Structure formats: structure tokens, C-alpha cells
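Going line by line, the protein sequences match chains A and B.
Heads up, the first sequence is in numbering that gives the first Met the number 0, so the first residue is 0 and it goes up one at a time.
Heads up, the second sequence is in numbering that gives the first Met the number 0, so the first residue is 0 and it goes up one at a time.
Calculated from the structure, these hints are not laboratory results.
Note that the structure is a prediction, hence the values are computed from the model and not measured.
Each residue gets a CB set at the ideal place from its N, CA and C atoms; glycine is no exception.
Since no wrong hints were added, every one of them can be taken at face value.
Dumping the calculated DSS-like pairs for lysine-lysine here, alpha-carbon to alpha-carbon at most 25 angstroms:
| # | chain 1 | residue 1 | chain 2 | residue 2 |
| --- | --- | --- | --- | --- |
| 1 | A | 42 | B | 278 |
| 2 | A | 278 | B | 58 |
| 3 | A | 278 | B | 69 |
| 4 | B | 56 | A | 264 |
Listing some non-contacts, in silico: residues in chain B with all C-beta distances to chain A over 12 angstroms:
| # | residue |
| --- | --- |
| 5 | 151 |
| 6 | 157 |
| 7 | 159 |
| 8 | 241 |
Negatives, chain A to chain B, calculated, CB over 12 angstroms:
| # | residue |
| --- | --- |
| 9 | 53 |
| 10 | 54 |
| 11 | 66 |
| 12 | 149 |
| 13 | 151 |
| 14 | 155 |
| 15 | 191 |
| 16 | 196 |
| 17 | 199 |
| 18 | 235 |
| 19 | 241 |
| 20 | 252 |
| 21 | 253 |
2 protein chains.
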Amino acid sequence: MNSNVNETPEKPTQRTVFFVSDATAITAETLANAVLAQFHGLKYLRYRMPFVNTEEKAKAAALRINEVGKENGVRPIVFSTLVAGSLASTFNEYCNAFVIELFRSFVGPLERELGVPSDHSVGKSHEIGDQERYNRRIDAINYTLAHDDGQTNKGLEDADVVLVGVSRSGKTPTSLYLAMQYGIKAANYPLIPEDFERGELPPALENCKDKIFGLSISPKRLSEIRGERRPNSKYASIENCEYEVEEAQRMMDREGIKYLSSTSKSIEEISATILLELKINIDPHMSM
Amino acid sequence: MNSNVNETPEKPTQRTVFFVSDATAITAETLANAVLAQFHGLKYLRYRMPFVNTEEKAKAAALRINEVGKENGVRPIVFSTLVAGSLASTFNEYCNAFVIELFRSFVGPLERELGVPSDHSVGKSHEIGDQERYNRRIDAINYTLAHDDGQTNKGLEDADVVLVGVSRSGKTPTSLYLAMQYGIKAANYPLIPEDFERGELPPALENCKDKIFGLSISPKRLSEIRGERRPNSKYASIENCEYEVEEAQRMMDREGIKYLSSTSKSIEEISATILLELKINIDPHMSM
Chain A
0 MNSNVNETPE
10 KPTQRTVFFV
20 SDATAITAET
30 LANAVLAQFH
40 GLKYLRYRMP
50 FVNTEEKAKA
60 AALRINEVGK
70 ENGVRPIVFS
80 TLVAGSLAST
90 FNEYCNAFVI
100 ELFRSFVGPL
110 ERELGVPSDH
120 SVGKSHEIGD
130 QERYNRRIDA
140 INYTLAHDDG
150 QTNKGLEDAD
160 VVLVGVSRSG
170 KTPTSLYLAM
180 QYGIKAANYP
190 LIPEDFERGE
200 LPPALENCKD
210 KIFGLSISPK
220 RLSEIRGERR
230 PNSKYASIEN
240 CEYEVEEAQR
250 MMDREGIKYL
260 SSTSKSIEEI
270 SATILLELKI
280 NIDPHMSM
Chain B
0 MNSNVNETPE
10 KPTQRTVFFV
20 SDATAITAET
30 LANAVLAQFH
40 GLKYLRYRMP
50 FVNTEEKAKA
60 AALRINEVGK
70 ENGVRPIVFS
80 TLVAGSLAST
90 FNEYCNAFVI
100 ELFRSFVGPL
110 ERELGVPSDH
120 SVGKSHEIGD
130 QERYNRRIDA
140 INYTLAHDDG
150 QTNKGLEDAD
160 VVLVGVSRSG
170 KTPTSLYLAM
180 QYGIKAANYP
190 LIPEDFERGE
200 LPPALENCKD
210 KIFGLSISPK
220 RLSEIRGERR
230 PNSKYASIEN
240 CEYEVEEAQR
250 MMDREGIKYL
260 SSTSKSIEEI
270 SATILLELKI
280 NIDPHMSM
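With the rest of the complex left out, here is chain A:
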């Protein structure tokens, strides 16, 4: 094949991305996903490299990344949360990649702002850290599991949030995300045809109205989701889904319950909205 001198060199449409960390690599991955989401149209193959916590491992990680770069014919992209110091130096010395370093960019300026030196200690981000706070988070997960789908009314007064909505509107994953990410005790309670017929909220919810938040969903999407579980059922039929969604919204409107549609929102977006609407956006316990 003759090469044409006027031809633009082909721009790679897929890049390999590594998350390199001395601990879990969760921060590196979150950061990378946020930044890469700004570049539409490219494909990324992602590798996690957690627990790169010795110089030997730092060198081995760098060499492995170099190999992948050679195979790909284009240098990999690395998001590194190695703390500045010998681990990061060793890694950078050997690594032939485009390296984005979280701590190099931010820790220095912050040392000057805070007027104290940083610890240069590895593995801090996702350690247990404050045991009391960590225990609260695990307690929140256990609470949320015990109060999933209206399983029990016992202890409902301890909830930080009570999610309501028709079956399969997204209450369970959202509750679990609230507990896991924010340490929030999130009960959830289904709104069922019996409630609509009675024209009243489930009686158990009367005393926690200020903590209730509703999830709605488009009837079409609800019918799809229910249909995966129970194909061709009345439960999943579009007519029934339309009826339930409409009645649930009518009830929430009447009771002054705020709600949003989960149809095209992620559990992260739903959760952040709930915290904002219920004004749970400060965490005074989150000091270290």
C-alpha cells in the first residue's frame, strides 16, 4: 500500500487508562472517570492497579504500563494517587506514559494555605479512619437493609430519609447508595394499590412526613423493568403501570411530598438531589 503524504496520521480512537494507587485506587478511578467524561467519542480500556505500596511494586507497575503502551503503539494514560515521595518518584522514573498526578497538583498549594506540612502517608483516603464515623456508615447500611421495601416499621423514627414510590421505581438501589456513600439511614416504603384505594399514605409514614421523599418513573420504563421480572403479568402491563404511577403522583402531590422522576437519572443524581431537597448537605461528623 502506498502511503499518501497528505494523509493525516490516524488518531488513536482507543486509549488505555490505568488507575495507579498505593491503596484502593478508588479516588484515582473516580477522578479519571470525571475527567475522561469530558472527552466524548474516544474509547478507553481501563485497568485498576491498587496497592502499589512498595518501590518494587511501583517499578513493576511502571514496566507493565510501558509494555501495554508498546503493544498499543500509543502511550497509556495514567491517573496516579501515589503520594509524593519515593513511591511516586520510582514510578515516574520508569513509566513512559502520560501521567496525571493528583497529589502533585493539589497538596503543595494546600500545604501553603493550611500552613502545615502534609503527612505524605500512603493509603489514607479509604481507610477506616475515624472508627466511630465508619461504624455509623456500616450501621446505616444495616439499617437500610432492614428497612428495605417496608419490611418493618420498627425504628422508622430513626430514619434520616424515607423513600416512597411504586414497586420498582428505584427505591432500593437509591436507599443503599445513600447509606453506602453518605452514611444515611434510608428506609424505603412501597406505595401499593391498597394505599391508592384507601386514598391515604401507609399509616406507618404519618409520623415521619418531613423525611419522606418520593420517586416517580415513566410508566413505559416501569413496564419494561417489571416485565423483565414478570413478563406478561398484569403487574407489568402498561395500563397498570400508568394507573399506579398516576395515583402515586396524585398522592404525593396531595400530601405535599417532594418527588422526582428516576427514569433517566442515576442513583448518584437521585441521591444528591434528595440530600439537597431535604437539606442534609452538611456533615458535621465528617471531620477527621
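Given the coordinates of chain A, work out where chain B should sit on it, guided by the hints.
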């Protein structure tokens, strides 16, 4: 009170920190927690400011932060994931704080590396994005809930990970974290005295040995955790906890099952270790 000219000005020991974002603020919070974890000994009061997605809101957020700074007598620290553009400009114009901007630091250099301009689009990080991938994640959460605590053996062959361990060793929160964060189908299965007496793994696990990972725990910690649920029970007694932990470890050793102690590890650390040990550290589906 007379001031002493030789006295060092008092360094504030508490700082107020804001997470400012045009969407969920989850990335900003993760970034902030990672960076601040490098500064031991200070206390932080943290506020989330999600959905700062209009210029009006950007200005209001900045003014609110300034107010807090005045009250505190020291300027707040802001971790911002506002995308470069008019939102960020408006915010920076009004805000009198120490602002750390994620995108300003990394997106420019990455544009040059990738050879494409960034999208400057707001709210991308935690959107549903790839619907198929998001659905897989929700499916993983549902799978994990259905396969919690050995509830069913049906579909165990579909698990990516099967966690085993004695009751209250941390299997449930870890399984849920694996599902939520990584979209991994994580079943979990208790090891109970009947298994130890029989001297064999639960029969349901015979066919998924390559996916099994074990959690152990110190008997003392286990006894504390169980004691909260069932005080003064044989179940929670230190003798029984010692017996169960020892037998479980003996069984895992004999069966060649890798395990770690959850005693002083967070669910994030346990999860990252499991992925590394079971070699599930690449996600080929994670392209956008």
C-alpha cells in the same frame, strides 16, 4: 488582655470546606477527602453544594461561601468540579476562598495529549451515561441483594465473586459495595457450625470455587459486633467466636480459599483487595 508581640498568630485548627459541583458533587467530595486525608490534626466542617448549574446559582454559591468565611474569620477551602467556562468564571469572580479546581488542572493537558477538545459539558461524571453499563450495575445490586447470606443457590453460577465467612464478618456490606461501585455480582454465603462439624464447604459452593473469597475477623471484634445484636448470647460469646473463626480459617486453608481479615479494613479496602486477588481488575465494558 495584652497582646504579646512575640506570640505566634493562632493558626486555625478548624477549616470549612465546600464541595462545589454542577452535578452531584461526588467527584469533588472524593477528591477533597483524598487530599485532606494528607493533613492530619486539622478539623474540617464540610458542606456539599451540588447542582450549581446556572450562573445565578454559581454567584449565590460564591456569596454564601464568602459569608461563611467572614463568620469563621478564615477563608474557606473549596474543591470545585465546575467545568471550565462561564459557570467556573462566574464562581471564581465572586468567590473569596482558596479554590482547588479539578478540571482546570487536568483537562487542558489531557486535551493536548488526546488531540481532541474537551466537551465542556456539565454533569457528566455521574450521569447514567452508557445505559447498558448502568443497567448492569443495577442488575448487580439486585443480584447481590437476592444472594445475600446464602438466601438462594439459584443462579450462583452467575456470580463474579462469592464471599464466605462466619456470621457478621462483613460479607454483606462488602458484597453491596462490590456491586454498587464496580457492578460486580457478589453473592455471599455464611459458614456455620454445621459446616464445621461436617468438615466440608456448603455443597452449593462446590462448583464456584475459583470465585470464592473469604473474610475472617478477630474473635474479639466479632464478639463485640455480635454482642450488639444479641447481648449475652452463646452466639456472641468470645469462646464461640474463637471457635467459629478458627474453624472457618481451617476450612478455608484446607480448601485453598484466599481470605483476609476484615477487622481493621474498610469495605473499600476489602473490595479492592478482592478484585486484585481474583484478578477482576480490568473492566473492558467501561468504555464510553
